[in-house]
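**Student:** Protein chains in written order, with our numbering: chain A, 1 to 172; chain B, 1 to 350; chain C, 1 to 158; chain D, 1 to 383.
Possibly wrong hints are sitting among the right ones.
Unchecked claim - Below, in silico cross-link-like pairs of lysine-lysine (DSS-like), each with a Cα-Cα straight-line distance of 25 Å or less: (1) D:205 to D:155; (2) C:48 to A:89; (3) D:205 to B:330; (4) B:84 to B:144; (5) D:96 to C:80; (6) D:310 to C:143; (7) D:238 to C:91; (8) C:86 to D:338; (9) A:89 to B:144; (10) D:238 to C:48; (11) D:360 to B:144; (12) C:143 to D:313; (13) C:91 to D:313; (14) C:80 to D:180; (15) C:80 to D:238; (16) C:86 to D:101; (17) C:86 to D:313.
Said to hold, decoys possible - Restraint-style ranges between C-beta atoms, simulated for each label pair: (18) A:150 to B:89: 38 to 46 Å; (19) D:191 to A:64: 49 to 57 Å; (20) C:8 to D:191: 50 to 58 Å; (21) C:101 to D:289: 42 to 50 Å; (22) C:150 to D:261: 38 to 46 Å.
Derived from the structure by calculation, the hints contain no laboratory data.
Ideal Cβ placement from N, Cα and C applies to all residues, glycine included.
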Amino acid sequence: MGLLDRLDDPYEGGGIILGKVEDLLNWGRSKSDWYLHFGLACCAIEFMAMNASHFDFMRFGTIPRTSPRQADFIMVTGTVTFKMADRIKILYEQMAEPKYVISVGSCSNCGGPYWEHGYHVLKGVDRIIPVDVYIPGCPPRPEAFEEGMMLLQKKISHQAIFNKRKRLESEV
Amino acid sequence: MENVNFLYDLLGKNVISVLLIVSLPLMFVLVYALIAILAELKVSAWIQERLGPMRTGPWGILQPIAEVVKLIQKEDITPDRSSKLLYNLAPFIIFTGAYAAFAVIPFSEYFVPAGINLGLFYIFAVGSISAIGIVMGGWASNNKYSLMGAMRSVAQLISYEIPAAMAVLSIVVLASTMNMQEINKIQSGWFWNWFIFGGPGTLAKLWVIPFTLGLGLIYFISSLAETNRVPFDIPEGESELVAGFHTEYSGMKFAMFFFAEYANMFVVAAVLTTIFLGGWNSPFGDFMQGPFWGVFWFVSKAFTVVLVQIWIRWTLPRFRVDQLMYIGWKVLLPLSFICFMAVSLYVMLK
Amino acid sequence: MLPNEIYDTLKTEFGDAVIEYNDQQPTDSFILIGADNLFDICHTLRDKDAFLFDYLMCLTAMDLGENVGVVYHLYSMTHKHRLVLKVTAPKTDPKIPSVEMIWRTADWHEREAFDLIGVNFEGHRNLIRILCPYDWEGHALRKDYVAPEYYHNMKVSY
Amino acid sequence: MSDIKRLDLEYSQLESDRMRINVGPQHPSTHGVLRLEVEVDGEIVTEVVPHLGYLHRCFEKHCEKMTYLQVIPYIDRLDYISAMNNEWPYVMALEKLMDIKVTDKVEYIRVIMAELNRIANHQIAVATFGLDAGAFTPFLFFFRDREYIIWILEKMSGARLLYNYFRVGGLAADVYPGFKEDCLNIVKQVRKTNAEVMDLLIYNKIFIQRSANVGILTPEVAINFACSGPVLRGSGVKFDLRKDEPYSIYDRFDFDIPVGTGEVGVVGDCWNRNMVRVNEMEQSCRIIEQAIAQMPDEGDVKALVPKRIKPPKGEVYMRAENPKGELGFYIVSNGTDKPERIKARGASFVNLSVIPEISKGYMFADLILILGSIDIVLGEVDR
Chain A
1 MGLLDRLDDP
11 YEGGGIILGK
21 VEDLLNWGRS
31 KSDWYLHFGL
41 ACCAIEFMAM
51 NASHFDFMRF
61 GTIPRTSPRQ
71 ADFIMVTGTV
81 TFKMADRIKI
91 LYEQMAEPKY
101 VISVGSCSNC
111 GGPYWEHGYH
121 VLKGVDRIIP
131 VDVYIPGCPP
141 RPEAFEEGMM
151 LLQKKISHQA
161 IFNKRKRLES
171 EV
Chain B
1 MENVNFLYDL
11 LGKNVISVLL
21 IVSLPLMFVL
31 VYALIAILAE
41 LKVSAWIQER
51 LGPMRTGPWG
61 ILQPIAEVVK
71 LIQKEDITPD
81 RSSKLLYNLA
91 PFIIFTGAYA
101 AFAVIPFSEY
111 FVPAGINLGL
121 FYIFAVGSIS
131 AIGIVMGGWA
141 SNNKYSLMGA
151 MRSVAQLISY
161 EIPAAMAVLS
171 IVVLASTMNM
181 QEINKIQSGW
191 FWNWFIFGGP
201 GTLAKLWVIP
211 FTLGLGLIYF
221 ISSLAETNRV
231 PFDIPEGESE
241 LVAGFHTEYS
251 GMKFAMFFFA
261 EYANMFVVAA
271 VLTTIFLGGW
281 NSPFGDFMQG
291 PFWGVFWFVS
301 KAFTVVLVQI
311 WIRWTLPRFR
321 VDQLMYIGWK
331 VLLPLSFICF
341 MAVSLYVMLK
Chain C
1 MLPNEIYDTL
11 KTEFGDAVIE
21 YNDQQPTDSF
31 ILIGADNLFD
41 ICHTLRDKDA
51 FLFDYLMCLT
61 AMDLGENVGV
71 VYHLYSMTHK
81 HRLVLKVTAP
91 KTDPKIPSVE
101 MIWRTADWHE
111 REAFDLIGVN
121 FEGHRNLIRI
131 LCPYDWEGHA
141 LRKDYVAPEY
151 YHNMKVSY
Chain D
1 MSDIKRLDLE
11 YSQLESDRMR
21 INVGPQHPST
31 HGVLRLEVEV
41 DGEIVTEVVP
51 HLGYLHRCFE
61 KHCEKMTYLQ
71 VIPYIDRLDY
81 ISAMNNEWPY
91 VMALEKLMDI
101 KVTDKVEYIR
111 VIMAELNRIA
121 NHQIAVATFG
131 LDAGAFTPFL
141 FFFRDREYII
151 WILEKMSGAR
161 LLYNYFRVGG
171 LAADVYPGFK
181 EDCLNIVKQV
191 RKTNAEVMDL
201 LIYNKIFIQR
211 SANVGILTPE
221 VAINFACSGP
231 VLRGSGVKFD
241 LRKDEPYSIY
251 DRFDFDIPVG
261 TGEVGVVGDC
271 WNRNMVRVNE
281 MEQSCRIIEQ
291 AIAQMPDEGD
301 VKALVPKRIK
311 PPKGEVYMRA
321 ENPKGELGFY
331 IVSNGTDKPE
341 RIKARGASFV
351 NLSVIPEISK
361 GYMFADLILI
371 LGSIDIVLGE
381 VDR
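Next up, chain A with everything else stripped away, as it sits in the complex (with noise of 0.2 Å):
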């Protein structure tokens, strides 16, 4: 495993060097995001529009990447259907840790437009992967996306690494 499960606290508190250390490895993290681009449907559409030169998706640090042992998040973007949901747990579990999940639109929000009458679509990807960012939108705008994706970066450079049982506990 990487070097995030060695550091688990060798020393109590961990101190300045390794909260600096944390801070470091934190913006190396959220500043250098591969994704694996999960097209689905609609949403693929606009997330392509995303990545063209007006709104510059690779503004943000992120870089396309097809394998999914290379990515760092899997956006998942369009509906997810009962076909589709056993291959996206497998991609997902194929990705190396850290790992992250973003889900794009109504569909894969929740089932969207299809909740009621779609015997077929899943209803919602959180039911089969954890879900960090969820964008919503039917599809979501391109400004939709930016925000996802900065909310993916903040909740990534906030993240504990070391002494993480230790706060843990003392949030609860």
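Given chain A's structure and the hints, the job is docking chains B, C and D onto it.
**Tutor:** Just chains B, C and D now, kept in the frame of chain A:
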């Protein structure tokens, strides 16, 4: 070849100086790779009317550092059914192959890590090591895409080695040496003394200039193929083979492939610079000529070549595998033979 | 050629196999034919010089309650005329001859009809599900269809 | 000579293991969630088995449960790249069932909207085709232009991608001030970028080598498979519903039907299919210019229709020329405000079915290009 290194002059020939000499190119490779990655991101963005990474440091210049910090933290996956030893060895072999070539690259009049007499020969010898690494990685991953990528890659590397070698051989004939430092020294003076313009000589060399220009072009095209760059990037052609031979690699091992690719780009650019573009010589005679300016000229020339590679990467579509073979064997190889003949004739008549 | 002329020609050729001609507005006028002779009739429609229906626009299967029906929308690229054919079969044994050999495009349309309505196309070379997963149960577009509660441990409807 | 012959024989008798590769459902260039099971002999494709249904969103089931107006948003989500074009045959079918005449102004706005959306669709199609060939930059050039078109459509309908703009008997909203100038500017911009991309991509030597003489679809096969749109026209068949069966007001415009000419390669190959799209953009520009000139300023954009759409009992099949090809809706009405059955005949669904036929014997990299040249949208394939 004595005293080609300023460090030997400075520290004498002892363990420390040898270690320093070995580690200097390594430092250079790492720093260079970071710059090249940034350049790739930014140049591609500018070609496409975008901005590229903007939010990591001012104008995104810290982006490659963030990538490295991130890649260090990633989980290192070894697929369950892979051949573990080969799988783990492959990235190191590829990086070694790319890095070993730096041993003979003359950065300046007074700095070449190992001034051996068979420098060019050595570069071609170690350059082929990376092919072994690619095959190892592709086969050991136990992934069909990786396997196909590796097969294509090796076929491509082997076929393009020959025109590249012919191009280099012609220059060896012109210079009558395989020592890269010597080749540089021959090209000193104004830029028309560069081997791409026929090397130093009287006006009689005019008729050989088209052939040497052609040789430069042949070498450049072959070098694109050897480094798997567009339009010859079929081993990792995204649209069909997902990520080619490194589909299954993650974290630092993937970073090694990444670094090796950029290091390889620099190696071929450095060879092109050395044998065709005058190496560390100033283009303008004695103007800004000297050991320290030499580093400047050498690196800037090599970087220009790298930039051209990036430029081509974002402009052209990619070839198909059979077309690639066709170009290698039926176009570049005969052309390189013709140029070789012409250059040999010129040397005979001289 | 107008649909009623086609109906007359077919009636003389196939007799009772051609059941009914309907031209009540606003419905597109259609010809109802018996399932048994469907293949021969379609073959004639495609190859006879007066018809030359070489373009199958659409193939729709429907749940009609007691029966299932299949509707063929035909078009001729040379004569620029169109025709609607209808076939029905009882829902308990929904067997209809396949026209996949006549118009290759019917291949996927028939697979879809089999998948969603459950029409059994006889003579189709590869009649498997196309849209729903291969292990899906039931035919989704039937009026009495109830979605399963779980599929591969995932809840279907909430 | 005899030696060579014997060698050939032996070579053909050599047995090599064939590899089955799974392309998709998550693959960078299957244009969505298509899965192709490909059998390759080295690099040569010997068999392709498409597996669909990864985006089966139960469209037809939803139609039976919704009222007629509620169905329109779902229709947008069929071919989500050209939503305006999708809505058109549906509302035309209902208008035919209910015998409603729409005003001239509505017809002109519909034409302009549909043609703008056609340009946007073809831009994506050509761009992604270039992307499949490895050229990334034209992709972004086209997307830059598409953005301007999207802005017009957004100002008209309020949505960027899925418009829900056409209504039975009219439109959701009237044009905004300055609409005509915007359209004419777009036409200029589209022509400029097309000229640029011609140099960068279409007539690029490498691109021609890659896409010409690949994936040849003969007219007979194309008609037997009921292909339509640029796929059919790329094979040299001059068939366009806007000309051959003019619906709406297309008979008032002067435009050509571009067909595959075999200028490079042979008629029916990937390059010609792609070229048809590029030429169609120009034709759409011409239609827009004429429509802008002829469009009346006065007029209502909504006809008198009841709030609850209740068509009389009947069945109607209406088709229109979608950018992908012929999109048809077969609507069975039972006299209530909910349809009995709606079947969507998607062009992509039908066009995709020729893939196993035309990709055999080409190389693996060609398969990706053939798929790209057919220009499918999985929303329409799987519905």
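**Student:** For every hint, state whether the structure bears it out.
**Tutor:** Outcome of the hint check:
no. : hint                       : in the structure
1   : D:205 to D:155             : 40 Å, violated
2   : C:48 to A:89               : 54 Å, violated
3   : D:205 to B:330             : 17 Å, holds
4   : B:84 to B:144              : 17 Å, holds
5   : D:96 to C:80               : 20 Å, holds
6   : D:310 to C:143             : 21 Å, holds
7   : D:238 to C:91              : 42 Å, violated
8   : C:86 to D:338              : 23 Å, holds
9   : A:89 to B:144              : 21 Å, holds
10  : D:238 to C:48              : 23 Å, holds
11  : D:360 to B:144             : 20 Å, holds
12  : C:143 to D:313             : 19 Å, holds
13  : C:91 to D:313              : 23 Å, holds
14  : C:80 to D:180              : 36 Å, violated
15  : C:80 to D:238              : 13 Å, holds
16  : C:86 to D:101              : 29 Å, violated
17  : C:86 to D:313              : 17 Å, holds
18  : A:150 to B:89: 38 to 46 Å  : 41 Å, holds
19  : D:191 to A:64: 49 to 57 Å  : 30 Å, violated
20  : C:8 to D:191: 50 to 58 Å   : 53 Å, holds
21  : C:101 to D:289: 42 to 50 Å : 47 Å, holds
22  : C:150 to D:261: 38 to 46 Å : 55 Å, violated
In summary, the numbered hints that this structure violates are 1, 2, 7, 14, 16, 19, 22.
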